[in-house]
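**Student:** Each chain, letter by letter, is given below.
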Amino acid sequence: MANVRLKNLTKTFGSVVAVDNVSLDIPDGKVTVLLGPSGCGKTTLLLMLAGIYQPTHGEVYFDDVMVNGIPPKLRNVGLVFQSYALYPHMTVFDNIAFPLRLQKVPKDEIRDRVHAITKVVQISDLLKRKPGQMSGGQQQRVALARALVKNPDLLLLDEPLSNLDARLRIETRVEIKRIQQEFGITTVLVTHDQVEAVTMADNVAVLKKGVLQQYSPPEELLLKPDNIFVASFMGDPPMNLLDTELVVRDDRAFFKCGSELEIPVPPEAREAVLSRTGKGLVIGIRPENMSLKEEEGDYAIRGKVFMVELLGRDKLVDFRFGEVALRVLVPADLPVNTGEELWIHPHQSRIHLFDKENSETIPIAV
Amino acid sequence: MPKLKYDLASSHAGTATLVHLAKREARKEKLLTFFIYSFMILSSLPLVLGYGWLILNSFTDKMVYGVVPQGFTIKNFRFLWELPSRYYPDLWRTTWNTFLLALGMTAIMILVATPTAYVISRMKFPARGFLLAMTLILHSFPGVTLLISLYYVLRTLNLLNSLVGVFLVKAGLMLPLGIWIMKGFFDGVPWDVEMSGLVDGATRMQTLIKIVLPQVKPGIAAMAIFSFINGWSEYIYVITFIQTKESWTLSSYVNSIIGDFQFIDYGLLSATALFYIAPVLLFFIFTQKYLMAVTVSGSKGG
Numbered sequence: 001m002a003n004v005r006l007k008n009l010t011k012t013f014g015s016v017v018a019v020d021n022v023s024l025d026i027p028d029g030k031v032t033v034l035l036g037p038s039g040c041g042k043t044t045l046l047l048m049l050a051g052i053y054q055p056t057h058g059e060v061y062f063d064d065v066m067v068n069g070i071p072p073k074l075r076n077v078g079l080v081f082q083s084y085a086l087y088p089h090m091t092v093f094d095n096i097a098f099p100l101r102l103q104k105v106p107k108d109e110i111r112d113r114v115h116a117i118t119k120v121v122q123i124s125d126l127l128k129r130k131p132g133q134m135s136g137g138q139q140q141r142v143a144l145a146r147a148l149v150k151n152p153d154l155l156l157l158d159e160p161l162s163n164l165d166a167r168l169r170i171e172t173r174v175e176i177k178r179i180q181q182e183f184g185i186t187t188v189l190v191t192h193d194q195v196e197a198v199t200m201a202d203n204v205a206v207l208k209k210g211v212l213q214q215y216s217p218p219e220e221l222l223l224k225p226d227n228i229f230v231a232s233f234m235g236d237p238p239m240n241l242l243d244t245e246l247v248v249r250d251d252r253a254f255f256k257c258g259s260e261l262e263i264p265v266p267p268e269a270r271e272a273v274l275s276r277t278g279k280g281l282v283i284g285i286r287p288e289n290m291s292l293k294e295e296e297g298d299y300a301i302r303g304k305v306f307m308v309e310l311l312g313r314d315k316l317v318d319f320r321f322g323e324v325a326l327r328v329l330v331p332a333d334l335p336v337n338t339g340e341e342l343w344i345h346p347h348q349s350r351i352h353l354f355d356k357e358n359s360e361t362i363p364i365a366v
Numbered sequence: 001m002p003k004l005k006y007d008l009a010s011s012h013a014g015t016a017t018l019v020h021l022a023k024r025e026a027r028k029e030k031l032l033t034f035f036i037y038s039f040m041i042l043s044s045l046p047l048v049l050g051y052g053w054l055i056l057n058s059f060t061d062k063m064v065y066g067v068v069p070q071g072f073t074i075k076n077f078r079f080l081w082e083l084p085s086r087y088y089p090d091l092w093r094t095t096w097n098t099f100l101l102a103l104g105m106t107a108i109m110i111l112v113a114t115p116t117a118y119v120i121s122r123m124k125f126p127a128r129g130f131l132l133a134m135t136l137i138l139h140s141f142p143g144v145t146l147l148i149s150l151y152y153v154l155r156t157l158n159l160l161n162s163l164v165g166v167f168l169v170k171a172g173l174m175l176p177l178g179i180w181i182m183k184g185f186f187d188g189v190p191w192d193v194e195m196s197g198l199v200d201g202a203t204r205m206q207t208l209i210k211i212v213l214p215q216v217k218p219g220i221a222a223m224a225i226f227s228f229i230n231g232w233s234e235y236i237y238v239i240t241f242i243q244t245k246e247s248w249t250l251s252s253y254v255n256s257i258i259g260d261f262q263f264i265d266y267g268l269l270s271a272t273a274l275f276y277i278a279p280v281l282l283f284f285i286f287t288q289k290y291l292m293a294v295t296v297s298g299s300k301g302g
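These protein sequence lines are chains D and L, in that order.
All residue numbers for the first sequence refer to our numbering, where the first residue is 1 and numbers rise by one.
All residue numbers for the second sequence refer to our numbering, where the first residue is 1 and numbers rise by one.
Bear in mind the hints are in silico, worked out from the structure with no lab data behind them.
C-beta: ideal position from N, C-alpha, C; glycine also.
Heads up, none of these hints are tricks.
Among chain D residues calculated to face chain L with C-beta under 10 Å, some are:
1. GLY51
2. VAL77
3. HIS89
Same shape as in the complex, but just chain D:
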């Protein structure tokens, strides 16, 4: 097992900067997820850990040993590709035995280790098949077994679930987590799916255009996003993000969004925001962090229901204030009708505020 440290890691392809000055500490025995939209450099980062790509600048350390320039075969990492990348001309047994054969492990030991690992990933009955004769889920298990059989110090998973159907994905997610914990193996997983990231990660690194946006445990991404990108990328349905500026009237402060919406500033936040009067701000409230009531409250907003969308367990209620929309998530059994006027109660401690200029979070003392 190993902990992995990236220091000022940069990778350019021609004039394209794929990974831009990323520094990360990947702790031993934990799952670290690299999360971001496609083309954000997460796979490039993974391939640099594997040793396939060499960084343009910066260093990669495994347990304080600099591994730049060390070829993949000497790094003892296991890698599972999105496409599984099984060797189509070999049987499952030969696929899994391949890394061991290259290490010149004795035959008997190869057989034992392959059998042991296939029991863990539950494909013992498929050893004689060829990859073309198996389902996606089975191929995925073979790829995982092939990565694990050499007892790697670091397990790298590139979008391991995205080629599976929804049901299988949930099963496999649990399975991978179980195997990871059983082996206590340091794991780096790349994904563009925030649900996958949040469910599997001990730590998540959010990337955008090669730049690290935030590195924190998954719950913090939702509760304390560092910037607008993280706030908008995480959460489903997405956070309401509204351009706003601070106005003070009758000794009360409001976030004025567009011409018709005024959100009262919670008293805890007044201190932090008053200095920003007249500056460009962005206010963010997640749809699930508001409730709808018939009764007025201290910091409630009166709104007229524009549209109601049923999302299964929940309902998304859409309010319009002129050109500005505000969406609120409520339980599906709450009776809400289009055209109805209701009070929207934002949960005061869940209001996020960002600087419009550099899109960074403005801390509100709560």
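Add chain L to chain D, keeping to what the hints say.
**Tutor:** Here is chain L on its own, set in the frame of chain D:
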């Protein structure tokens, strides 16, 4: 009669119309198939008839009006055990020469085109695009236009009248095609698989040999067969560059029967021609499934 489910009104007229329409579609399809087959049969008829004539002619005394066979004989095949005349070289030596040329073509295509194609497909190096373009241009030269200049080149190198000379010329002209075909196959092997090999502990060379090459085997097989047939049937360079009978190939042999200022023995001609094409035909029948891989090059069937 089973009722159509969506025909809720159960109007008989509606059902009847649907059935009628379906029948008409089926008829149309049949007619189209008929035309396509007729066209294909008609257009391949000259070839089939040609081969038929060749076979019949080689086993008969004579053809009445040139088309009706009369009298079965194998005397046309006497060239197999005796020299037709003292002008001819030994048949088996000639066959051996032809075989050597074909085998040589196969070998050089596999040994040179495969690694070259891998490098072009997988590695970055200066002037890669230029090289690729040049290969294509080289292939598009009609070989005939080079005959005279090549003759001088070979004479200077003292390679006239030798199979090696013909072999080198052919290899030079065939390699570009082979490289392009193999590049297509290598392009079809996903990078992921190769990277997997590297991570699993293989060197670049081990990855090539153990992982990539097995996946382009159909391509190698197709190219090998193609080159073998191509070498076996080479005509123009052999006729032009080889005069000495010891170095003849079967195409010179057949050619000499037509062109030797003598009365043409059509029976002998057909028999030698049959002897010449039979191995290729047999070879093709057993290997055609590999050859087909070239036409679908790149897409790897399961």
